[in-house]
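**Student:** Chain by chain, the residues:
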Amino acid sequence: MTEFLQQLINGLALGSIIALIALGYTMVYGILRFINFAHGDIFMLGAFAGFYLAPKIAVLLPLPSIAGGLVVLVASMLICAALGVLIERFAYRPLRKRPKLTVLITAIGVSLFLEYAGQFFFGASIKKFPDIFPVTTVTQIGGLSLNSNQLMVLGVTLVLMLALRFIVLKTRIGTAMRAVAFNPEAAALMGVNTDVVISFTFALGSALAAAAGILWAINYPAIDPLMGILPGLKAFIAAVLGGIGNLPGAALGGFVIGIVETFVKGTRWSTWADAIAFAILILILLVKPSGLLGKKEVEKV
Amino acid sequence: MKTLHGQVVFTAALAVSLLLTGCNKPATPGAGAEDAIKVGEFASLTGSEATFGQSSHKGTQLAVDELNANGGVLGKKIQLITEDNQSQAGQSSTAVRKLISSDNVVAVLGEVASSRSLEAAPICQQNKIPMISPSSTNPKVTEVGDYIFRVCFIDPFQGTVMANFGRKTLKMNTAAILSDVKSDYSVGLAKFFKEGFTANGGTIVAEQKYSGGDKDFNAQLTAIKAANPDGIFVPGYYTEVGLIALQAKQLGITVPLFGGDGWESASLIQIGGTALEGDYYSTHYSPEDTSKAVQSFVKNFKEKYNETPDAMAALGYDSAMILADAMKRAGSTDGTKVRDALAATKDFQAVSGNITIDANRNASKPAVILQIKNGAFKYVDTIAP
Chain A
1 MTEFLQQLIN GLALGSIIAL IALGYTMVYG ILRFINFAHG DIFMLGAFAG FYLAPKIAVL
61 LPLPSIAGGL VVLVASMLIC AALGVLIERF AYRPLRKRPK LTVLITAIGV SLFLEYAGQF
121 FFGASIKKFP DIFPVTTVTQ IGGLSLNSNQ LMVLGVTLVL MLALRFIVLK TRIGTAMRAV
181 AFNPEAAALM GVNTDVVISF TFALGSALAA AAGILWAINY PAIDPLMGIL PGLKAFIAAV
241 LGGIGNLPGA ALGGFVIGIV ETFVKGTRWS TWADAIAFAI LILILLVKPS GLLGKKEVEK
301 V
Chain B
1 MKTLHGQVVF TAALAVSLLL TGCNKPATPG AGAEDAIKVG EFASLTGSEA TFGQSSHKGT
61 QLAVDELNAN GGVLGKKIQL ITEDNQSQAG QSSTAVRKLI SSDNVVAVLG EVASSRSLEA
121 APICQQNKIP MISPSSTNPK VTEVGDYIFR VCFIDPFQGT VMANFGRKTL KMNTAAILSD
181 VKSDYSVGLA KFFKEGFTAN GGTIVAEQKY SGGDKDFNAQ LTAIKAANPD GIFVPGYYTE
241 VGLIALQAKQ LGITVPLFGG DGWESASLIQ IGGTALEGDY YSTHYSPEDT SKAVQSFVKN
301 FKEKYNETPD AMAALGYDSA MILADAMKRA GSTDGTKVRD ALAATKDFQA VSGNITIDAN
361 RNASKPAVIL QIKNGAFKYV DTIAP
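These protein sequences, in sequence, are chains A and B. Using this note's numbering, the first residue of the first sequence is number 1, and each one after it goes up by one. Using this note's numbering, the first residue of the second sequence is number 1, and each one after it goes up by one.
Careful, some of the hints might be misleading.
Claimed, not checked - Computed Cβ-Cβ distance ranges for the label pairs, DEER-style: (1) A/Leu286 to B/Gly375: 26 to 34 Å; (2) A/Leu5 to B/Ala376: 17 to 25 Å; (3) B/Gln125 to A/Met1: 26 to 34 Å; (4) B/Gly375 to A/Ile282: 54 to 62 Å; (5) A/Gln119 to B/Asn70: 50 to 58 Å; (6) B/Asn164 to A/Leu78: 21 to 29 Å; (7) B/Ala227 to A/Val287: 31 to 39 Å; (8) A/Arg96 to B/Asn306: 53 to 61 Å; (9) A/Leu78 to B/Pro385: 56 to 64 Å; (10) B/Asn200 to A/Phe278: 56 to 64 Å; (11) A/Pro289 to B/Ala376: 26 to 34 Å; (12) A/Ser290 to B/Glu307: 56 to 64 Å; (13) A/Thr137 to B/Asn228: 22 to 30 Å; (14) B/Ala376 to A/Val287: 50 to 58 Å.
It should be emphasised that the hints constitute simulated quantities derived from the structure, not laboratory data. Being a predicted model, the structure only gives us computed values, none of them experimental. Positions of the beta carbon are idealized from the N, C-alpha and C atoms, including for glycine.
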C-alpha cells in the first residue's frame, strides 16, 4: 500500500510537468488547428533560460531561495513567451493561408533548428542545472517520501492551471481566444484582432512550457539541448488522449500518462513503460476517437 | 597555357594536402611523413561520451609525446593520427577504414565504448593491423580476432569484483540491481554481478531496468525501496547514475549505491552532488596510488593539461605505451610481428597496474575500488585477479 501511494505521488509529479507542456500544444491546436512541434524545444529553452539567468539573478537575490527561484521561473517564462511570439511571427504567420501540412512541416523544421542551434550555442554535453529553490527536504509520512521539489512542482502547476483557467474564461482576451477557436472568420468580422489573439496564445503556451522546463530541471538537474524531444512527444500524446483542443483534457491526459508510466516502470516490465502507455492511448482512441474529454466534431464536407 | 595548367594542378594539390592535414592532428609537426611511424587513433572527442574520449585521447597524446621526447621507437618518431567519431554509431568504421587505407597506419588505438570498438575491430582484423582498445570492457571486443587487444580488465571480472566487495567487504546479504537495457556494458556487468553475488550466498531482491537517456527513475527506485536491499548495484554511465543517486536520496533510500567504471567522470559529482556521498565504484586506477609509475604519470599529465588524469586517461596512456613496447621487442612495425610481440606481453609496468596479456588477448590486472567522500574519489582497496 505504501509503495502504491508512493508511486502515485511520483506519477503525479511527473504527470503535472507533462500536463503543463500539453496545455501549450492543445491551446495552439484549438486556435490554429495545427500541431506546433517546436513546443517541446521551447520547454528545453525554458530550462536553459533558467540555467543562464540563475547566476545573474543570484546577484540581486540570494539563491537558492523561494523568492529567487520564483524570479528565475517567471523571468524564463517571460523570455520564452517572447520567443514563442517571435517564432509564430516569422515562421508560422507568413504561411497562415497555406495548407496545414506546410505549417506542420515548418514546425518540424523550427523544432530541429532550435535543437541544433541549442547544441551549437549551449554545447551538446549535459549541464548541471543550478539549485534555485532551497535544498531538497524529504518529509516522511508513514513510510511515504514527499520532497520539497515535488511539492513545488504540484503547487506551481496548480497555480498556473488556475491562472490559465481564469484568463481563458474571465478576461476579454480569453473570450477573444475562445471566439477565434470557435470560428476565426466570424471572430474577425466581429472586430476581434486575430493576429493579437494568436500571438497571445503562443506567448501563453510558451510561458507554460518554460515553467515546465524549469520544474523539470529542478527535479532532474541534468539538462541538454535535446531534452525536449521525449517530454514533448509525451505531452503531445497527453493532449490527444485528453481530446486535443480541450484544456482540462490536456491536463487530465498529462496526469494519466505520468501515472501510467510510473506504475509500469515500478514493475518488472519497466522497459515496456512507453509501449504500454502508447497501447493505452490507442485503446482509448479506438473507443473514444475524440479523446477523453474531447467533443465529437461533425466534419463538414 | 601549359604553365597555367600546371599552376592550377599544383594549387589544387596544395589545397587538398592542406585540407588533409587540417583534418588530422599530427602529434609531431616537425617529423616528416617518411621517417615517422604512423599510429591511428579513433575516439569520441565530441558527443554524449565526449568526456571519456577526451580523457583517453589526452593520455594517448601524452604517451606519444613522451616517447618522441626520448628518441621515439626504433629510431623513428611516432606520428599519432586522431579521428573523431562524435560518439555516434557508424562513424568508427569509416574513421578506421580511412586510417588504414589512406593514412597507412601500422596500428590502431581505440575506443572507450565497447559498441564502437566492436565496429572497428573486424576492419583491423581483416587488414592484419593490430588494434588496442584502451578501455572497452565488454568480452566480445577481443573475441573478434587475434589482432585485437585491450589494456583494461573485462566485465566478468569487474562484475565479480563488485559482487565480492558488496558481499564480503560491505557484508551485504541482499542487493538490488538497476541496469541500463540499452548498453551491452551495463547488461553484462549486471549479469556477472548477479552470478557472483548469489554464488557467495547473497540474494538479489529486486532487478529493475531503465533505458539510457531516461531522466525519471522514481518508479524503479520506489519498487527497489519496497524490497529493502542492503545496497543497490547501478552499473550505468555517469549522467544517469548522478540522477539516480539524487532521486534515491529524495525517496529516503539510505543504503549505498555502487557501480563500475562508467561512473568515472567529474560530471557524476556535478549532477549527483552530496547524494553520492559514501557510494562506491570499481575502476582501473587511482591517482592517489603512491607507486612511482602512477605518480610520475599524474605529474606529467598535470603539467601538460592542468588537470588530474582519470582512469580513461591512464588507459589511453597505457595503450600507446604497450604498443611502443611491443614494437621495440618485435624490432619492426610489421603488423604480424607486432601482434606476436603484443600477445607475449608479460608483467608490463603500466600506470594502471602490471599488465600480462592472456590467451584471449585481455589484460590480466587488478581493479581498484574508490569511494565518494566530500565530493572527491577516495581510494579504498585494490583487488587482484
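**Student:** Next, verify each hint and record whether it holds.
**Tutor:** Checked hints:
no. : hint                             : in the structure
1   : A/Leu286 to B/Gly375: 26 to 34 Å : 52 Å, violated
2   : A/Leu5 to B/Ala376: 17 to 25 Å   : 38 Å, violated
3   : B/Gln125 to A/Met1: 26 to 34 Å   : 57 Å, violated
4   : B/Gly375 to A/Ile282: 54 to 62 Å : 47 Å, violated
5   : A/Gln119 to B/Asn70: 50 to 58 Å  : 41 Å, violated
6   : B/Asn164 to A/Leu78: 21 to 29 Å  : 56 Å, violated
7   : B/Ala227 to A/Val287: 31 to 39 Å : 36 Å, holds
8   : A/Arg96 to B/Asn306: 53 to 61 Å  : 55 Å, holds
9   : A/Leu78 to B/Pro385: 56 to 64 Å  : 59 Å, holds
10  : B/Asn200 to A/Phe278: 56 to 64 Å : 41 Å, violated
11  : A/Pro289 to B/Ala376: 26 to 34 Å : 58 Å, violated
12  : A/Ser290 to B/Glu307: 56 to 64 Å : 58 Å, holds
13  : A/Thr137 to B/Asn228: 22 to 30 Å : 23 Å, holds
14  : B/Ala376 to A/Val287: 50 to 58 Å : 57 Å, holds
Hint compliance for this structure: hints 1, 2, 3, 4, 5, 6, 10 and 11 are broken, all remaining hints hold.
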